[in-house]
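Protein chains in written order, with the numbering used here: chain A, 1 to 115; chain B, 1001 to 1560.
It should be emphasised that the hints constitute simulated quantities derived from the structure, not laboratory data. Possibly wrong hints are sitting among the right ones.
Said to hold, decoys possible - For each label pair, taking beta carbons as the anchor points, the in silico distance ranges come out as: (1) A/E33 <-> B/G1401: 40 to 48 Å; (2) B/I1086 <-> A/A107: 50 to 58 Å; (3) A/G11 <-> B/D1089: 53 to 61 Å; (4) A/D104 <-> B/T1389: 37 to 45 Å; (5) B/P1471 <-> A/T85: 27 to 35 Å; (6) B/D1269 <-> A/G11: 50 to 58 Å; (7) A/T85 <-> B/E1028: 50 to 58 Å; (8) A/E33 <-> B/D1339: 50 to 58 Å; (9) B/R1338 <-> A/E41: 54 to 62 Å.
Stated by the list, open to error - Pulled a few chain B residues facing chain A out of the computed Cβ check, cut under 8 Å: (10) S1378; (11) A1422; (12) T1426; (13) S1464; (14) Y1465; (15) P1466; (16) L1469; (17) M1470.
Where a beta carbon is used, it is the ideal one built from N, C-alpha and C, also for glycine.
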Amino acid sequence: MPLKMTDREVGGVTVVALDGRIVLGEETNAFREKIKALLAEGKKKILLNLANITLIDSTGLGTLVSAHHSASTRGASVRLCNLGTKFQEVLQVTKLLTVFDVSDTEADGVRSFSK
Amino acid sequence: MSDNPSNGETGLEVIAPDGSRHFVRIAETPFLIGRSGETAKHLQLRDPRISRQCAALVSEGGRYYLEDRGQRHGIFVNSEKVTRCILEDHDVISFGVEHFYELIFRSSLLDTSIPDLLSRIESISSSETPPSGLHKLNLLLEATALLHSRLPLEAVLATMLDHAVAITDADRGFLLEAQPSGPLHVRLARGRGGTRLSPTEAAPSQTALRQAVDQQESIITEDLAQAGLDLQAAESIIAQRLRAVVAIPLYTMPRASSSDSAVHNKRGDFLGVVYLDSRRPAAFSKLDRRILDALAVEAASILDNARLVERERERQRMEQEIGIARDIQQALLPRGFRDFPYLGVTGINLPCLTVGGDYFDVFPMSEDRTAFIIADVSGKGLGAALLTTMLQGALSGMRIGIEPALVVDHINHFLCEHVELARYATMFFGVLDQEGQLEFINAGHPSPFLLRRGEIDEPFTEGSYPVGLMPGTQYVTARMKLRPGDTLVLFSDGVTEAMDPDQNMYGVPRLREVLSDLHEASLDHLQKTVLDSIEAFTRGAAQADDITLLLVRYRAAAAL
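Produce the complete structure using the sequences and hints provided.
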């Protein structure tokens, strides 16, 4: 099951809707390439909408964190919104909730960039 | 012939009472098994204990069914008596008598090369072609694969090539192999009378090779003019003053049949070229096409089988290597949990693949302090396993008195520095002294449970990031006091995320529930109960993650 990624611009923020699973293999590779491409295009504000993520494994989590890192080193920012309970739990256990800027809704997420 | 789900590759491996095995392809259904006569048309088991009319395999809707047709002692599939049942790959069929034949049903023979070879022996021995020298050699090669013997493949291929040289009366013979990318690779070069030529010195005519490959047909070129070759392109032919060339392209054979017409009509994958040449001007003029065709078929079959054997040997070698990795990994786990004076320990690690990314350890730091650790490296399999070994090495530094938090800082720094590893680990590290003082570091690991006098708690949710994710993280040691009888249940998320066949998760609440009855239980019993509960929940579903448990019980300060 491939990971579907669609992005659009909302008020200067690149919103990437992720659909499927972020797991070791093709999915994490595709995700890494996507973030790389967006950063190369000069996008600075990237919001990942995780509403339709059904599963994220440890490698997927690692990929999200490294996306966050590569963005910061380029003066850009990757933020998250619409986390499912499961993913929220994983971030809680690993303490990574404090690393990411997380919003409940996409609208809140987009707004968070203008604060 | 009725509908057959996998192109005639399905069959039965027959294990005789003396342990010998052979393979019978199910070419038609109903496939009749019995002692003799028409009712044993497809498989005869000559033994008085078997009924004349015994059992049959029938095919329905793409599946195979086994039917009891009157075996007096009954028909059994995987030791269960049946009258009619669906057969799955690897099902074992027996006949209710001891020391007797067993049949193993194979439905997906393409999965491994050995049954593939087996079935092809079957098809070869039933074909009409009279056995030639090469044919025998081919059978030998197939037998080689079956016996896992170490007959060198190069020798087999060389014999094949020598035979081709002799049959065509050529001066030199080359075997060129197709490669996934790039030009043909000269695998072997032989001279007249079985002499060895160096594959690098001898250069076959590229023009002739290309022509044979393009036309997908054997070519004989008598001289340059007749072949209509571009003179410039044919430079190497002139340079070596070669007069006559035969180039035979080799293709895998259609698996179902070995009749000549089928070979011509249905080309398989391109394998390579047998190239023969001679300095005598009209050396190949009298060569019969049919000889070349026969050569093409046999040489292709030999090369194809040689490749299968090679792949099989490579696979076995890899399996052996992984087996060694598994042995090492399991050997690195603490053995024979000795009871420390003031605490009891037990633990288990069940990798979902041969090797895994979980790890635990218990070791004394000094007379009155004992360290225990559970760690889970991201990802699984060999990659994760290599990292667990590195973690274990690094953490063993604590044994020589280095402050635990510093060691964890160091591991984090190391993993972050080697970003290309793209791996991180969650871990829980604890040091318990004989007074019950517990120092711990939680690096993004699920909180262990604390079982204390009928209460269950998750008191270790505080902590920091997993190691290898956030550069510069400072890990802090926290403290708490344990009371005698307290039990810590450390686990990897493979436990709580174990899945049943319907993709439901085992979950933390379920683990908590199971543990609630086990405050007084011995650690071994506690561990077994949890494992049994997971097993009952997963109902045999293949797990995606390693399952690791580590149990630590504080007893009491030793009498001072």
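Going down the list of hints, with the structure as the test:
1. Distance hint for A/E33 and B/G1401: a CB-CB separation of about 46 Å, consistent with the stated range 40 to 48 Å.
2. Distance hint for B/I1086 and A/A107: a CB-CB separation of about 54 Å, consistent with the stated range 50 to 58 Å.
3. A/G11 and B/D1089 have their C-beta atoms about 57 Å apart, which keeps the hinted 53 to 61 Å range intact.
4. The supplied range of 37 to 45 Å is met by A/D104 and B/T1389, whose beta-carbon atoms lie about 42 Å from each other.
5. Judged by the Cβ atoms, the range 27 to 35 Å given for B/P1471 and A/T85 holds: they are separated by roughly 29 Å.
6. Taking the beta carbon of each, B/D1269 and A/G11 are about 55 Å apart, inside 50 to 58 Å as hinted.
7. Range check, A/T85 to B/E1028: Cβ separation about 56 Å, and the 50 to 58 Å hint holds.
8. Checking the proposed 50 to 58 Å range against A/E33 and B/D1339 shows it holds: the Cβ atoms sit about 53 Å from each other.
9. In this structure the supplied range 54 to 62 Å holds for B/R1338 paired with A/E41, their Cβ-Cβ distance being about 60 Å.
10. With a cut of 8 Å, the hint placing B/S1378 at the interface with chain A holds, because the nearest CB-to-CB distance is about 4 Å.
11. Annotation: interface hint on B/A1422 holds; nearest CB of chain A at approximately 6 Å, less than 8 Å.
12. At its closest, the beta carbon of B/T1426 sits 6 Å from a beta carbon of chain A; the interface hint therefore holds under the 8 Å criterion.
13. A cut of 8 Å between beta carbons decides the hint on B/S1464: the least distance to chain A is about 6 Å, and the hint holds.
14. Interface hint status for B/Y1465: upheld, as the beta-carbon distance to the closest one in chain A is roughly 5 Å, under 8 Å.
15. The closest approach between the C-beta of B/P1466 and any C-beta of chain A is roughly 5 Å, which is under the 8 Å cut-off, so the hint is satisfied.
16. Contact between B/L1469 and chain A, as hinted, is supported at the beta carbon level, the nearest pair being about 5 Å apart and thus within 8 Å.
17. Contact between B/M1470 and chain A, as hinted, is supported at the beta carbon level, the nearest pair being about 7 Å apart and thus within 8 Å.
The earlier numbered hints are all upheld by this structure, with none contradicted.
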